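Trainee: Sequence:
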Amino acid sequence: MQWDVRCGIRSLAGALLLSAFPLATFPVQAQVASLESVIYGIPTLNGQGNQDSSLPACCGRQQSADGRYVVFVSLADNLVANDTNLVSDVFLRDTVAGTTQRISVSSSAAQANNQSRSPSISADGRYIAFESVASNLVAVDSNGTNDIFLHDRVAATTLRISVGAGGVEGNAFSQNPSISADGGYVAFESLPTIWSVGDSNGSMDIFRYDRVGNSLLR
Numbered sequence: 001m002q003w004d005v006r007c008g009i010r011s012l013a014g015a016l017l018l019s020a021f022p023l024a025t026f027p028v029q030a031q032v033a034s035l036e037s038v039i040y041g042i043p044t045l046n047g048q049g050n051q052d053s054s055l056p057a058c059c060g061r062q063q064s065a066d067g068r069y070v071v072f073v074s075l076a077d078n079l080v081a082n083d084t085n086l087v088s089d090v091f092l093r094d095t096v097a098g099t100t101q102r103i104s105v106s107s108s109a110a111q112a113n114n115q116s117r118s119p120s121i122s123a124d125g126r127y128i129a130f131e132s133v134a135s136n137l138v139a140v141d142s143n144g145t146n147d148i149f150l151h152d153r154v155a156a157t158t159l160r161i162s163v164g165a166g167g168v169e170g171n172a173f174s175q176n177p178s179i180s181a182d183g184g185y186v187a188f189e190s191l192p193t194i195w196s197v198g199d200s201n202g203s204m205d206i207f208r209y210d211r212v213g214n215s216l217l218r
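Each residue of the sequence shown is one higher than the one before, starting from 1 at the first, in this note's numbering.
Careful: at least some of the hints might be erroneous.
Said to hold, decoys possible - Label pairs and their calculated CB-CB ranges:
1) Gly213 - Leu86: 35 to 43 angstroms
2) Gln48 - Arg68: 19 to 27 angstroms
3) Asn78 - Gly213: 19 to 27 angstroms
4) Asn113 - Ser54: 17 to 25 angstroms
Treat the hints as calculated values from the structure; they're not laboratory data.
Predicted, not measured: the structure shown is a model, and the values here were computed from it.
Glycine included, C-beta positions come from ideal geometry on N, C-alpha and C.
Whenever a hint applies, use it, and build me the whole structure from the sequences.
Mentor: Put into structure tokens, the structure is as follows:
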């Protein structure tokens, strides 16, 4: 399907969660300079990316609190080894270690079979929420549309979080995740109508995923 590129500050999900972790804590000019000169599409073995790399236009933070980790999206296939899927992936750059890691992979490290984008990182750099239309990041993904995933860098796991009670898949797309500073919550925009009783407005709603409680709230 086509990516829904409507975004901007209208995202209540981003506004609510970022209020708890203001972007003002980062020197904006230094951040931009760092991203342009250090982060964009740099392979672990240095050199340069062979395709476009970019920061997400929406909606959560893309840099850890200490500035060490930055998440971005790239079409390049030379940032990590064995990137052969020919689609955009989500990556993380460790500016201290000088390494680049692909985030949009399954818990078994299988690469995504379709596009991924819109990463949002927790303050400590452990958790990254992102959006993907890939169907192979989790065992059963058959809704054929954009879902929200949560990658845990420490546990090396990827979990689909845009599902209802009992793992019910959405009957429409979800987009634009924004993770809280502590990684405990992820808010995102979603169109499905089957997760909440009485959801009949036919419009995009904001859902909040609770990582500890493994629950979804509209």
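Trainee: The structure should be examined with respect to each hint, and the outcome stated for every one.
Mentor: Each hint, compared with the structure:
no. : hint                               : result
1   : Gly213 - Leu86: 35 to 43 angstroms : holds (37 angstroms)
2   : Gln48 - Arg68: 19 to 27 angstroms  : holds (21 angstroms)
3   : Asn78 - Gly213: 19 to 27 angstroms : violated (40 angstroms)
4   : Asn113 - Ser54: 17 to 25 angstroms : holds (21 angstroms)
Checked against the numbered hints above, the structure breaks only hint 3 and satisfies the rest.
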